[in-house]
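Trainee: Residues per chain are reported as follows:
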Amino acid sequence: GAGVSQSPRYKVAKRGQDVALRCDPISGHVSLFWYQQALGQGPEFLTYFQNEAQLDKSGLPSDRFFAERPEGSVSTLKIQRTQQEDSAVYLCASSLEGGLRIQYFGAGTRLSVL
Amino acid sequence: GNSVTQMEGPVTLSEEAFLTINCTYTATGYPSLFWYVQYPGEGLQLLLKATKADDKGSNKGFEATYRKETTSFHLEKGSVQVSDSAVYFCALISAGGANSKLTFGKGITLSVRP
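If you're matching them up, the sequences are chains A and B in order.
All residue numbers for the first sequence refer to this note's numbering, where the first residue is 1 and numbers rise by one.
All residue numbers for the second sequence refer to this note's numbering, where the first residue is 1001 and numbers rise by one.
There's no promise every hint is true.
[What the hints assert, rightly or not] Each computed BS3-like pair below joins lysine-lysine, with the alpha-carbon atoms no more than 25 Å apart:
no.: 1; chain 1: B; residue 1: 1056; chain 2: B; residue 2: 1077
no.: 2; chain 1: B; residue 1: 1068; chain 2: B; residue 2: 1056
no.: 3; chain 1: A; residue 1: 78; chain 2: A; residue 2: 11
no.: 4; chain 1: B; residue 1: 1052; chain 2: B; residue 2: 1068
no.: 5; chain 1: A; residue 1: 57; chain 2: B; residue 2: 1106
no.: 6; chain 1: B; residue 1: 1106; chain 2: A; residue 2: 11
[As the list claims (entries may be wrong)] Pairwise CB distance ranges, derived in the manner of DEER restraints:
no.: 7; chain 1: A; residue 1: 41; chain 2: B; residue 2: 1013; range: 19 to 25 Å
no.: 8; chain 1: B; residue 1: 1012; chain 2: A; residue 2: 72; range: 42 to 48 Å
no.: 9; chain 1: A; residue 1: 80; chain 2: B; residue 2: 1052; range: 38 to 44 Å
Treat the hints as calculated values from the structure; they're not laboratory data.
Every residue, glycine too, gets a C-beta built ideally from N, C-alpha and C.
Work out the full structure: start from the sequences and follow the hints.
Mentor: Encoded structure:
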């Protein structure tokens, strides 16, 4: 596609609900990243995929957070038993492997947990 | 660990004023440095980059020079326009790492008035 696509753009969840956020990267991009951006802060790294392999999940804040990219393209970030502190914008980025590693970002999913 | 520090905001300028946004970093080795911009309602976009000491990145009238001696990457523009109103993030990628995750500063909001 023309850019990184994320859905939904907005998600409201009740505390304790499970949510799934989708990222469709730029076609042919090998690397995929998830970031969490709290209000008034810069994005913070959550996890990284190279193709279907999750090479780094050191930024996931708890075991309630899970990400997958089973076919090396679309990725899903799942948050189980959501808490109020999970409210944030979740950003997905993709890049070609190697070179300058420029990351292209989607518009994000704004999650509000009530 | 890696970190990026940006000057406190917000910043409000009149059209055609000179802009400087300070950014300093802490990282091992020689990171690659970036400025990303987030226009209202849009995703993060790469504004400019520099990959080694004394490199100057430039785009859309913005410039930033990679200063290793002061660990800085300050963003400048000689004459801002109303359309430059956005949030600006300084970021880095560590050199040599298998995971090219971005480490961001907090961001600074720039408002340019006519």
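Trainee: Is the Cα-Cα distance between residue 1068(B) and residue 1056(B) 25 Å or less?
Mentor: This hinted pair holds, its Cα atoms lying about 12 Å apart.
Trainee: Is residue 1056(B) close enough to residue 1077(B), meaning Cα to Cα at most 25 Å?
Mentor: Between residue 1056(B) and residue 1077(B) the Cα gap is close to 13 Å, so the pair holds against 25 Å.
Trainee: Could you see if the CB distance from residue 41(A) to residue 1013(B) stays within 19 to 25 Å?
Mentor: 23 Å, holds
Trainee: Does the Cβ distance between residue 1012(B) and residue 72(A) fall inside 42 to 48 Å?
Mentor: With a Cβ separation near 45 Å, residue 1012(B) and residue 72(A) satisfy 42 to 48 Å, so the hint holds.
Trainee: A range of 38 to 44 Å was offered for this pair. Does it hold for the Cβ distance of residue 80(A) and residue 1052(B)?
Mentor: 43 Å, holds
Trainee: Can you confirm whether the C-alpha distance between residue 57(A) and residue 1106(B) stays at or below 25 Å?
Mentor: With a Cα-Cα distance of about 22 Å, the restraint between residue 57(A) and residue 1106(B) holds, given a limit of 25 Å.
Trainee: Does the alpha-carbon distance linking residue 1052(B) and residue 1068(B) stay inside the 25 Å limit?
Mentor: Since the Cα atoms of residue 1052(B) and residue 1068(B) sit roughly 8 Å apart, the hinted pair holds (cutoff 25 Å).
Trainee: Holds or violated: residue 1106(B) with residue 11(A), Cα cutoff 25 Å?
Mentor: 24 Å, holds
Trainee: If you draw a straight line from the CA of residue 78(A) to the CA of residue 11(A), is it 25 Å or shorter?
Mentor: 13 Å, holds
The structure shown violates none of the earlier numbered hints.
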